[in-house]
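**Student:** Note that the protein sequences, when read in sequence, are chains A and B.
Going left to right, the first sequence walks through residues 3 to 217 as my numbering numbers them.
Going left to right, the second sequence walks through residues 3 to 217 as my numbering numbers them.
No false leads were slipped in.
Per label pair, the in silico range of CB-to-CB distance:
id, chain 1, residue 1, chain 2, residue 2, range
1, B, Lys-87, A, Pro-203, 24 to 32 Å
2, A, Asn-57, B, Glu-176, 16 to 24 Å
3, B, Ser-107, A, Gly-133, 32 to 40 Å
4, A, Gly-18, B, Asp-83, 34 to 42 Å
5, B, Asp-83, A, Asp-79, 45 to 53 Å
6, A, Glu-176, B, Asp-103, 27 to 35 Å
Residues of chain B clear of chain A, computed beta-carbon distances all greater than 12 Å:
id, residue
7, Arg-86
8, Pro-168
9, Ala-177
Simulated from the structure, these hints should not be mistaken for lab results.
For each residue, glycine too, the CB sits at the ideal point set by N, CA and C.
Next come the chains, spelled out residue by residue.
Protein chains: 2
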Amino acid sequence: MPVMQVERQTDSNPAGVEGLLERRYSPYAFSPRPVEPEKLRQLFEAARSAPSSYNEQPWRFVVARREDAEGFGRLLDTLVDQNRKWARNAPVLVLSVAKVDFTHSGQPNRHAWYDVGQAAAYLTLQATELGLYVHQMAGFDPVKARQLLSIPEGYEPAAMMAVGYPGETESLPEALRQSGSTRRPRKPLDTLLFEGTWARPWSPAVGDSSSTGIQ
Amino acid sequence: MPVMQVERQTDSNPAGVEGLLERRYSPYAFSPRPVEPEKLRQLFEAARSAPSSYNEQPWRFVVARREDAEGFGRLLDTLVDQNRKWARNAPVLVLSVAKVDFTHSGQPNRHAWYDVGQAAAYLTLQATELGLYVHQMAGFDPVKARQLLSIPEGYEPAAMMAVGYPGETESLPEALRQSGSTRRPRKPLDTLLFEGTWARPWSPAVGDSSSTGIQ
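Next up, chain A with everything else stripped away, as it sits in the complex (with noise of 0.2 Å):
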């Protein structure tokens, strides 16, 4: 297993697109805030933008406000406790879904789940420039998302994710109170490239030009 290296905190705050990344977290602590419509109309503008393979655009969100309290409980009802205890404080939750068949052939889109990552990437650097944090949740139970939320066959319930400001870690079981605010730590470079064969480990900051090689 790779040595995993953890992320260095600098105090700068580049512009751009490296700045939404490291920026970027997914926070366990939510204010009570709500969003507002316009900002999730673009958070979800910013998701349907993102490309798909045959331009299938197999990405579905259920959305639930807190307001909403059939809706929201619904949606929080399919996390796993651990999930539930600080997912039920963000304003708003999102089960991302995968239509898993071609809607052209009817044959199996083996990008669906790829294509959904995608747009729910694009969702996420949206928000973050909005001041936005979204945390997205392998934990929850995708049968009880079908049958509550009455999910047609041929689309699968994908993640779960919490959107909203950030809030206090006061308010957070003792638990979660140190890894809500910090990176998880990150693989080398050097352990998930390969130079045009998985034989040969790549990293792009040595020795670049002259690591080519062969021809």
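Using the hints provided, position chain B relative to the given structure of chain A.
**Tutor:** Below, chain B alone, put in the same frame as chain A:
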């Protein structure tokens, strides 16, 4: 099948994520200009900063620059003919690969492809900011990719990406000249969004504050 909306072409050039998403498209024509190593590094830094289920970071990338004729040829060989025609002129090809089981448990990672999609999306937006464009392709042979690139069991070839600066569409085969520079239509938001249950379509733009209803 829902009606598609053709995106408005605007003269505006908004800053930030919205502007990046507006500029982003998947070109067929690439400039022969190589991609600077430092920019390549920035693309993969963006990719590896993506969130993932259990922080598994299931993304891997096999990268080939045209200068590496052998490696580049291997990636090119996995493409379907239709993609090979134009992708051979891209300065960089990248195959994204998904690690489909969790490292900590050996159990299937339901979100492996979703998370690789997120990493690809971060890479793509970072590229757009740097003036680079990414054209992702489903049209390649994953079995051939596994063989030619020595991808081990437990990993699945996900998507091929051509990366580079945009080029002159005059260099394209006739059939691609039109399609190469236009954004494909997107489904309207109200066909993608549901409020609290699949039974209730939702649009955040229309009558928002009063549409929550029920409670």
